[in-house]
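We have chain A already, so just place chain B with the ligands on it with the hints.
Okay, here's what each chain looks like letter by letter:
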Amino acid sequence: MNIIVCMKQIPDLQQIRIKERKPVLEGVPLIFGDMDKNALEEAVRIKEKMGTGKITVLALGPAKLKDTIKEALAIGADEAVLLIDPAFAGSDSAATAKALAKAIQKMGGYDLILCGEGSTDNYSGQVGPRLAELLDLPQITYVRELEVADGKIKAVRNMEESFEVVEADLPAVVTVAAEINTPRLASLKQILQAARKPVQTWTPADLGLAGDAVGAKGTAVEVLSNLAPETARKQVVFKGELDEVIGNLVDALIKEGVLGR
Amino acid sequence: MAEILVFCEKDDVALELISKGKEFKSALGMSLAAALLGQGAAGKADDYFAYGADRVYVSEDAALVPFTAEAYAEALYQIAQRHGAEVLLLGSTKRGKELAPRVAQKLEAGCITDANSVRVEDGQLVADRYAFGGNTVATGAIKTPQKVIAVMPKTFALGAREAKKGEVVDAALSLKTPRTRVVERKEKAGEAVNLEEAEAIVCIGRGLEKKEDLRIVEELARVLGAEVGCTKSLSTDWGWLSEDRLVGLSGKKVSPRLCVSVGISGQIQYTVGIRGARITVSINKDENAPIFALSDYGVVGNLYEVLPRLTEKLKSL
Ligand SMILES: Cc1cc2nc3c(=O)[nH]c(=O)nc-3n(C[C@H](O)[C@H](O)[C@H](O)COP(=O)(O)OP(=O)(O)OC[C@H]3O[C@@H](n4cnc5c(N)ncnc54)[C@H](O)[C@@H]3O)c2cc1C
Ligand SMILES: Nc1ncnc2c1ncn2[C@@H]1O[C@H](COP(=O)(O)O)[C@@H](O)[C@H]1O
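Top to bottom, those sequences are chains A and B.
Heads up: the first sequence at position 58 corresponds to 58 in the working numbering, and the numbers run straight through without jumps.
Heads up: the second sequence at position 193 corresponds to 454 in the working numbering, and the numbers run straight through without jumps.
The following block holds chain A by itself, in its conformation from the complex (with noise of 0.2 Å):
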């Protein structure tokens, strides 16, 4: 059974200051996505059921990859796979999902592809289906329980209205939601352990993609604007006695006019 974890680098989006509308991103720690870490987490516990297997993260991203990756294998992943290169910088989903589909088809061999359902800077949710489609895949997503027996898995999903139980055989590309694990952490013994763990790097000449079919080159959004909305708050705040508090409180909310029904 060999599992390929997409998973992507972001800022710590709880540390990330506006000023003048602009996220300011200069000493933010990178770390990867939440669902991502889902995914690696589900990874590690169907090797572990299955005794055997091969778990590969793929991530496409600069080159603080290199530090941000070794959580990934001091947590369970055997290898892995970047995709670093000035030319992939700016990247939008599409042309992720281009460069990730052809570094799996390079790796081949794969049995089940897991993403998140989101990133948890974009929550797009389109690098999964985009794969599917370029792997000529079935696509399972907002996967909340994954079962994987005798070259098939089993699925449930968080749809709106209902909980949707699905089949495919293998291979298959699958996005998992927040609520499918809570994933573990890495021991001081498995992160030293990881720094032995291969870790290869791809260009796009590796890839056979020309530079310019990349990156921000390859992208099919123009953004044209990224800004924080302007919201200015109040920010009052009462502490002390309770009573006192709470009348103040509620004279604050009957001044704005916001208590009447």
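Some hints here could point you the wrong way.
[Unchecked claim] Derived, one-sided and incomplete: chain A residues facing chain B with beta-carbon distance under 8 Å:
id, residue
1, Ile-18
2, Ser-225
3, Val-245
It is worth saying that the hints were derived from the structure and are not from the lab.
In this text, a Cβ means the ideal position worked out from N, Cα and C, and glycines have one as well.
Just chain B with the ligands now, with coordinates in the frame of chain A:
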């Protein structure tokens, strides 16, 4: 003539898209068509015409029941190619959101999902969606000849019905049996709650220790005439409240006059959902919680003490 092709598996959302599509049609000089796919598709044509579709492509092919992204993407692809669709306007429901990128990939087209505003600027369609987890709003224009935009439900208002007729075209699809098989569907216990229209909302977060304690939240909501909303864990992970009550990036974007956030830290994926509220109040025991910076009024305190006293005080008014 180039065409705008509308599809959503939920007819109410499709009709919103058609209502707005009329505007795009004249601004872009295109015609407006819709795809009607699956069981009972043919019977819906008149409704679609009444809201503004010029033409509908109909298929009740067996491969379209039940819904799979694989079959529906192939169906839309065949219709788009045969009839020259340049713009595909889809609903960003969960099904629409997994369908949009798959059909876009077939068309080698750019795609924007979860669009919450779409408009024509300088002769081209531009769409807004949240980025950086909701920190920013990204406005994008698709550069490829064909364009796929999945629009959040309720983004556009339903237009007025008109006595309009249109053309019914047999989509004449050639589809393979999809490779994903739906073996069972367990309906969720749905709730008749509409947070998007609520005038006041009390949202509860992971500060609540157990499900039984929801009672004190519901009591506050009752005296405020408010609906109860919640953060992610309480609905999708723990099932204490239905997903209809989830507020945030993957839930509802609400715009009440008053929104009270209780035991909620204020992570961006939640706060993006309450941006439209006129007055925001938060109650949190940690005075450094980020939610206070996003609130008009904050109370530092234990919700188990604050809520009953606040409810009591409001009752006494
Ligand atoms: C792609 C993506 C989409 C997401 N979409 C959503 C979404 O739509 N909606 C959503 O909510 N989340 C969403 N999330 C999850 C989000 O990132 C946060 O994990 C979540 O909002 C946190 O919920 P919380 O504030 O209730 O919990 P926590 O962050 O755990 O905060 C709990 C707060 O309660 C306070 N507290 C504890 N006990 C008490 C007490 N007794 N009295 C008072 N205060 C107390 C604590 O001080 C703390 O601030 C999404 C995440 C991702 C990655
Ligand atoms: N740059 C990337 N490298 C590896 N995987 C990615 C990348 N971008 C997106 N993915 C995968 O695709 C999923 C959906 O991403 P998105 O389409 O951006 O919402 C993520 O959860 C990841 O599993």
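For each hint, the structure was consulted:
1. Ile-18: holds, 7 Å
2. Ser-225: The hint holds - Ser-225 (chain A) has a Cβ within 8 Å of chain B, the shortest such distance being about 5 Å.
3. Val-245: Since chain B brings a Cβ to about 6 Å from Val-245 (chain A), closer than 8 Å, the hint holds.
Taken one by one, the earlier hints all hold for this structure without exception.
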